[in-house]
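Colleague: Heads up: the sequence lines are chains A and B, in that order. Counting in numbering that gives the first Met the number 0, the first sequence runs from 0 upward without gaps. Counting in numbering that gives the first Met the number 0, the second sequence runs from 0 upward without gaps.
Wrong hints could be hidden among the right ones.
[As the list claims (entries may be wrong)] In silico BS3-like pairs for lysine-lysine, Cα to Cα no more than 30 angstroms straight-line:
{"id": "1", "chain 1": "A", "residue 1": "Lys364", "chain 2": "B", "residue 2": "Lys450"}
{"id": "2", "chain 1": "B", "residue 1": "Lys321", "chain 2": "A", "residue 2": "Lys449"}
{"id": "3", "chain 1": "B", "residue 1": "Lys450", "chain 2": "A", "residue 2": "Lys273"}
{"id": "4", "chain 1": "A", "residue 1": "Lys335", "chain 2": "A", "residue 2": "Lys360"}
{"id": "5", "chain 1": "A", "residue 1": "Lys450", "chain 2": "B", "residue 2": "Lys273"}
Derived from the structure by calculation, the hints contain no laboratory data.
Number of protein chains: 2
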Amino acid sequence: MKFVIIGGDAAGMSAASRAKRSNPGLDVVVLEKSTDVSYSACGMPYNIADPDRDIEELVVRQAEVFRKKQGINVMTGHNVESIDPAAQTVSGTSAPDGTEFEFSYDKLLIATGGSSVMPDISGFDLSVSNQTGIMALKTLDDGRKIKAYLKEKNVKKVIIIGMGYIGLEMCEALRERSIEVDMVKPGPVLLPNMEQELSDAVREELESNDVRLYPGHQILSIEKIGERLKLNCPDISLDADMVLSAIGIRPNSEIAAKAGLKLSVGNSIAVDRKLVTSDENIYAAGDCADAFHIVTGERTWIPLALRANRAGWAVADNVCGKTVELAGISGTAIFKVFDLEVARTGLTIEEAENSGFDPAKVVIKTRSRAHAHPGASIIRVQMIGDKKTGRLLGCQMVGREGVAHRISALAVALHSQMTVEEFSQTDMAYAPPFGPVWDPLLTAANQLLKKM
Amino acid sequence: MKFVIIGGDAAGMSAASRAKRSNPGLDVVVLEKSTDVSYSACGMPYNIADPDRDIEELVVRQAEVFRKKQGINVMTGHNVESIDPAAQTVSGTSAPDGTEFEFSYDKLLIATGGSSVMPDISGFDLSVSNQTGIMALKTLDDGRKIKAYLKEKNVKKVIIIGMGYIGLEMCEALRERSIEVDMVKPGPVLLPNMEQELSDAVREELESNDVRLYPGHQILSIEKIGERLKLNCPDISLDADMVLSAIGIRPNSEIAAKAGLKLSVGNSIAVDRKLVTSDENIYAAGDCADAFHIVTGERTWIPLALRANRAGWAVADNVCGKTVELAGISGTAIFKVFDLEVARTGLTIEEAENSGFDPAKVVIKTRSRAHAHPGASIIRVQMIGDKKTGRLLGCQMVGREGVAHRISALAVALHSQMTVEEFSQTDMAYAPPFGPVWDPLLTAANQLLKKM
Chain A
0 MKFVIIGGDA AGMSAASRAK RSNPGLDVVV LEKSTDVSYS ACGMPYNIAD
50 PDRDIEELVV RQAEVFRKKQ GINVMTGHNV ESIDPAAQTV SGTSAPDGTE
100 FEFSYDKLLI ATGGSSVMPD ISGFDLSVSN QTGIMALKTL DDGRKIKAYL
150 KEKNVKKVII IGMGYIGLEM CEALRERSIE VDMVKPGPVL LPNMEQELSD
200 AVREELESND VRLYPGHQIL SIEKIGERLK LNCPDISLDA DMVLSAIGIR
250 PNSEIAAKAG LKLSVGNSIA VDRKLVTSDE NIYAAGDCAD AFHIVTGERT
300 WIPLALRANR AGWAVADNVC GKTVELAGIS GTAIFKVFDL EVARTGLTIE
350 EAENSGFDPA KVVIKTRSRA HAHPGASIIR VQMIGDKKTG RLLGCQMVGR
400 EGVAHRISAL AVALHSQMTV EEFSQTDMAY APPFGPVWDP LLTAANQLLK
450 KM
Chain B
0 MKFVIIGGDA AGMSAASRAK RSNPGLDVVV LEKSTDVSYS ACGMPYNIAD
50 PDRDIEELVV RQAEVFRKKQ GINVMTGHNV ESIDPAAQTV SGTSAPDGTE
100 FEFSYDKLLI ATGGSSVMPD ISGFDLSVSN QTGIMALKTL DDGRKIKAYL
150 KEKNVKKVII IGMGYIGLEM CEALRERSIE VDMVKPGPVL LPNMEQELSD
200 AVREELESND VRLYPGHQIL SIEKIGERLK LNCPDISLDA DMVLSAIGIR
250 PNSEIAAKAG LKLSVGNSIA VDRKLVTSDE NIYAAGDCAD AFHIVTGERT
300 WIPLALRANR AGWAVADNVC GKTVELAGIS GTAIFKVFDL EVARTGLTIE
350 EAENSGFDPA KVVIKTRSRA HAHPGASIIR VQMIGDKKTG RLLGCQMVGR
400 EGVAHRISAL AVALHSQMTV EEFSQTDMAY APPFGPVWDP LLTAANQLLK
450 KM
């Protein structure tokens, strides 16, 4: 049996490795358009932060290793341009000379990932970024370009367009290199999906690290003036040595759409719990595919690394005849911004309302360590529950310690469809260096109960 | 209505405060034999670590504050010696002159806590510890004595008898003051309830901090020779300026037993889910009372702070007419020992076998941060599940970061009676500074699934 995979990153290579491991006789072909497979995309900002570290460290395994040690036919430089579901073939062109190729498959996995959304700004041209200093960060090659440009041009100042996770992580990375950072975006709020008080804590952290924030500024154009870039808004203009666009990502679902596969939220590829698309021989996994939300039961699109890896495995199991159904995701996401840990899982108030819940909300402030324990800082928790059913719906946290891993307890609770009352009874960890007797999450749940 | 509480620490004062808050007309009397109510007992080692910090910082609220601001009749120096369940009275003697007292109650809460277990060693005499330097640590007054003795005698070396949580926390505290520490106990293993590989990591951490461990040594006698103490074992003898006994605690259930109340595991006071003892007008909560284990459903006795506070609240609610039943505990416990975080929840293999499960076990080693992220250390996880039902049964972890709070996710899973497979599907947090894409707990669950 021939298992063809389009895309050689998290979902694709997870599927390839696991399928080959559980069924060594399987003919596994991976078609990757770039030169890189299996690298830590999320690690890029942290690598870029340190001029002395080689960005190639982020490569987990070379294509050659997959070929030689695992017997997976990894073909880099192979850009799949179309799928013929009736004929069960994929075709495209390969680098460097554009030679056409065609592969037939018994089972196909689309793991094409996502791409950076490009802002619609006059003068924005990524194709000449090596020369102009206009950048985006999604692929390892993007990372290479940024790191090289920072060094070669001795960049002193960067403008980041967008204030999402990647923008904020890159902001910290650049500040670590003592590079000045301006962040600008059209939207009026730093983190629109985050509770105001928590978002304010992030803003203060950014400002105390000398990051200049310009929310609420439409961006009209970028001009190259000598070696500098000038970014023009209706009311202000900013200048820098480099501009990094980080306004979001979109799923690479064009070839799926062209092949007539059903699309879903945000143009992601619709899959069932077995990761099967609307064609029974075609799977999709990773940032290009949708998922069911564990809280709402509805389709959602939250492209994150764990889901990509897990979905890759599940596809491999299903291809190899062991039926696996994925329960869904709760949208757990954490990030670090300077000394702050930021976490969320489940629904926001707005998402809860839009999904037909009747949400109650609480925002609390507690200490990160026990009474009288030195070194404590503040942890802020927002928690929401459904007044109708008592169910826990979501949580957000911000603090200097003890935030990132605590959110996983909430994720488990959401997975179990726990009520706020049940969650408030859980036997969470306590010792003075790690928190108050009543864990911040328990305090939030206890307070939330009073409002339900 | 008259609500009398014996004992003014975590469970007692939680109950008193909450009862008075929800029913201001209630007559709440707290009888506490010592001079202290409401202090952070768990914080004592961390306070003792720093000679410059006043141990009185650990007092959360003075008795006077409870009296004046909350209208709770807190009587310190009142030692309850007997309960008459038929007459609904408690009686005893009060300090300093031994005046007899008697109080009648409508509802009574026994929150007498626990006491240090005293080793049966010739020459061991805590009553003259101020002079001899033989100490135990349970009450704030114990803490005061230790701190004063360390300072006044300029203690350079301490022998700790026992290797449990308190012993280990005190060991770190003393080493922080550059005091030499020998730890000795009759049992052959450092942490007998912990997986060998994890226990070894704790041992290495202790040894690399120059702590000398002497497990497997029976202790025959302690001699005072001049200002020094000599501890004699059959094969070795150790000497020091102070001896700290930390071999465990036992529930203070004598007056309950004398009153004919039913006892439970380890002589703790048996209570139902509403915290009612075998007498319908008498509650028990905190370290003196038992609890139901969330995994086994059986009675257990695991005296820890969160349960004491939670049970105190539940008693208050029940006394005030709002029926509350506590689900139970999973025995979540974390502690810090030098730079190591140690955590457990649920059952050990032995406990699982004794409770009729058919446990499978896995021990894994992962990185604390993502691939290529600087500063990573090792996290070790032991996880066990039941082969018959697929249920998750317990987990232990050791590592330099990211351990303490991660265990709470497991505690929530145990509370939900999750299977290992369900747990393996949860949407846990990931970002490169905080862990690998597959959280150590997910990796452990994935590995464990293969053995089930």
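Colleague: If you draw a straight line from the CA of Lys321(B) to the CA of Lys449(A), is it 30 angstroms or shorter?
Modeller: holds, 13 angstroms
Colleague: Could you grab the alpha-carbon distance between Lys450(A) and Lys273(B) and see if it respects the 30 angstroms cut-off?
Modeller: Holds, because 23 angstroms separates the two Cα atoms, which is no more than 30 angstroms.
Colleague: Holds or violated: are the alpha carbons of Lys335(A) and Lys360(A) at most 30 angstroms from each other?
Modeller: The given pair, whose Cα atoms are some 24 angstroms apart, holds under the 30 angstroms limit.
Colleague: Lys364(A) and Lys450(B) were given as a pair; does the straight-line alpha-carbon distance stay at or below 30 angstroms?
Modeller: violated, 43 angstroms
Colleague: Given the hinted pair Lys450(B) and Lys273(A), is their Cα-Cα distance within 30 angstroms?
Modeller: Since the Cα atoms of Lys450(B) and Lys273(A) sit roughly 23 angstroms apart, the hinted pair holds (cutoff 30 angstroms).
When held up to the earlier numbered hints, the structure conflicts with hint 1 and nothing else.
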